[in-house]
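> In case you want the letters, here they are:
Number of protein chains: 2
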Amino acid sequence: MLKTDVLVIGSSAGGMVAAVTGKRINPDKKFTVVTINEKTLVPCGIPYVFGTLGTTNKNIIPVAENFAKMGIEFINDEVLEIIKEEKKVLLKNGQDIAFDKLIIATGSLPFKPLWLKGADFNNVYAVPKNKIYLDAMQEKLEQADKIVVIGAGFIGVEMSDELHKAGKDVTLLERLPNILSLAFDADISDRAEVILKDNGVKVLTNTTVKEITGLDRADGVLLDDGTKIDADAVILSMGYKPNSELAIKAHLGINDAGFIKVDEYMRTSHSDIFAVGDCAEKKHFITGESVPMMLASTACAEARLVGLNLFGISAIKTFTGTISIFSTALGSRGFGVAGITEKEAKAIGINYVCGSFEGADRHPASLADTQKQFVKFIVAKDSGVILGGEVAGGLSTGELTNTIGMMIQNRMNISSLLTAQVGSHPLMTASPAGFPLIKAAEMAVYNMLKK
Amino acid sequence: MLKTDVLVIGSSAGGMVAAVTGKRINPDKKFTVVTINEKTLVPCGIPYVFGTLGTTNKNIIPVAENFAKMGIEFINDEVLEIIKEEKKVLLKNGQDIAFDKLIIATGSLPFKPLWLKGADFNNVYAVPKNKIYLDAMQEKLEQADKIVVIGAGFIGVEMSDELHKAGKDVTLLERLPNILSLAFDADISDRAEVILKDNGVKVLTNTTVKEITGLDRADGVLLDDGTKIDADAVILSMGYKPNSELAIKAHLGINDAGFIKVDEYMRTSHSDIFAVGDCAEKKHFITGESVPMMLASTACAEARLVGLNLFGISAIKTFTGTISIFSTALGSRGFGVAGITEKEAKAIGINYVCGSFEGADRHPASLADTQKQFVKFIVAKDSGVILGGEVAGGLSTGELTNTIGMMIQNRMNISSLLTAQVGSHPLMTASPAGFPLIKAAEMAVYNMLKK
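Heads up: the protein sequence lines correspond to chains A and B, in order.
263 is the number that the working numbering gives to position 274 of the first sequence; each next residue is one higher, with no gaps.
201 is the number that the working numbering gives to position 212 of the second sequence; each next residue is one higher, with no gaps.
You can take every hint at face value.
A pair holds if it fits inside one copy or across any two, identical chains being indistinguishable in the list.
Using 16 Å as the maximum straight-line C-alpha spacing, the simulated EDC-like pairs for lysine to aspartate or glutamate come out as follows:
#, residue 1, residue 2
1, Lys332, Asp176
2, Lys47, Asp358
3, Lys199, Asp219
4, Lys19, Glu62
5, Lys306, Glu431
Keep in mind the hints are simulated off the structure, nothing from the lab.
Okay, chain A solo, but in the shape it has when bound (with noise of 0.2 Å):
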């Protein structure tokens, strides 16, 4: 039997982040990463891989590579049964391994719609963070002229653009009436809209699939209402589901919508093991509600907390829940959210304001490649506690979504940003004076007195 200090399931942003932390931390310790991919893709980069990147060779983590480095051991295989009481798991090669304590970061797997009829036909596929998969998929996909896209979330648009920049003739369907829509208020979505049908996407909202048509190959998507839209391949980006197979089997906590249990450390409810990433059950910051978010940074955050705490809890080095940030791009423009949307303090029953503001991202906007700069704040009425932000503007809105997310992070007051120093540069910012940041503070404020 192998015997390792730390073991670690998984070798994507979380299971690689917390090995690698954790190795820094700990030098003595043994850590051992079993997965079974043999390369690693950046996850957020697969969309682009259709399109501007061309292939995955061209969006690999270098894992083993870094591992190496390091002093990690890497092994290239699946894990079959992690059985707690003995603290091993057992190997697909037969092999088991003893542990001290293991991170279970084995993230996500596409969803998919057993009631589709066509879901199981061979051109229709789903986006699985697989390099094996998705190089047959691409070859596949050079044939296919006439692409269906269902679901409209990141996955979804960014594979649209990207198919669509690729020469593919795309059509994007929604079954919302909004793109984009569980992740931002129509302020932005409808903004996101009018630019992927400006580039050449055919967006359907408030459309619903009624099935996958063809015989054993799909050669068209039906929709409820009747119409039917040929297509030479469909793609389902119809959301993830945690990867908690392992967990289940184990009998680890497991809550409701199938992630593993945590605690503010990412303890499981076994105390030497840990879970981060897609996996992981995610409570949200603001709310503390547990919430199905996937995302590489919050994975990556939780998987450096579990690095730092994996032989001595910290009580300052906590997860103190998801603010759930994350930005995407069409060309170059950007969209970013960080903490809940107004759609979701209304829903929650918070009492809120807004405050908005629509500027130029460069100063004077006579410059080359100016672009409109929108922001948006959700604001606690009684507190002036910022809750969310979003923000529709130029390349530069990735960066912009991080200044508005260290804001809800540190539970900064409005009123404290209508006098915060930001710095200003033509070629990279808004002008100082109407900083769309600040201007919409601004407004927050003047909603916050005003009702």
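Fit chain B to the known structure of chain A by using the hints.
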């Protein structure tokens, strides 16, 4: 005699934002702005007039139009004197204006080195925020081929890069060992210097100017070591001095460096007279010391504060000092800083550690427009409080620097950054696993524990 509730002298960033914010909060009060500039320039955009923009007409803030929309009186004249005992000012056109509150926002003027022979030749230029001067200068520079720029602060560096873009043969002279060395540590300024040179600007550091040669027109610059550099025109970018003459004549308190003294509400020694922007004293957020910092972004923060506090001081709205946050760009590369540099920490005698990391600003780094992204933190060794941060990267550097600024203003601890959540996207940010902000924080924490 004219009467106004609030009189503002100056219409650049500080004056404009003070008037607009004050008027929005106090719609029933009469606001009047007096300015010598018929047209107000975007201050940070001025260097870009000489290359990227091509004309000052693309670099105008529509101040008069904004004021008209809001019902703010606009007078294009010069204030000759402030008579504080009578709470009135005297205009050049002979009129008096009585005020209840006065906001001095007279800005700064280029520093002219009287000791430098040739500094008054008519083809030797400064860079004032004055459209008429700059238009005439730009016309004259059309005939110049060889241009020498003296002083490698932000204006000198940006002017050099832009004049080179416009086809000029540019030599930039700096007496210190590094360009931009009052702003950045050498980690950053070395990177900027390489790019500036690669772009084609000749950069000479450790270089002292003896005199500007010529009879009535400059024909070159003579260095201390005897070298002569030919020049058809010379640009002096040797800093700015506060334009506090009116305040001095009115016997308001002035500090040793010539700035108008202000309290944390930006009130001068007369409680109905405020000063904001380049003419007003700046205390440093970290050190508490007076600093000769002149930034449009700081001016805007001060001006908002004054606008909010004009007719009722609010204890939560005070200016707690400049975090001296700023950024610049050379082509597609950005450089930013907030708080104190390592050099400053050392000079003041702060017990500090640093942490730095270099990664890429896109992920995967195989994406076409990927730039290296370097982040450095300066941290108080005992408490872990973040004192400063510096960034070199792509054009998202402006907003990344603002994220660091937000941390400094919140007096965040570097440890909390280890588990901070940042959003990431292939086309807009670094990878979440190798996010330079967090990796640099990790390095700082290791250095805290080590030493």
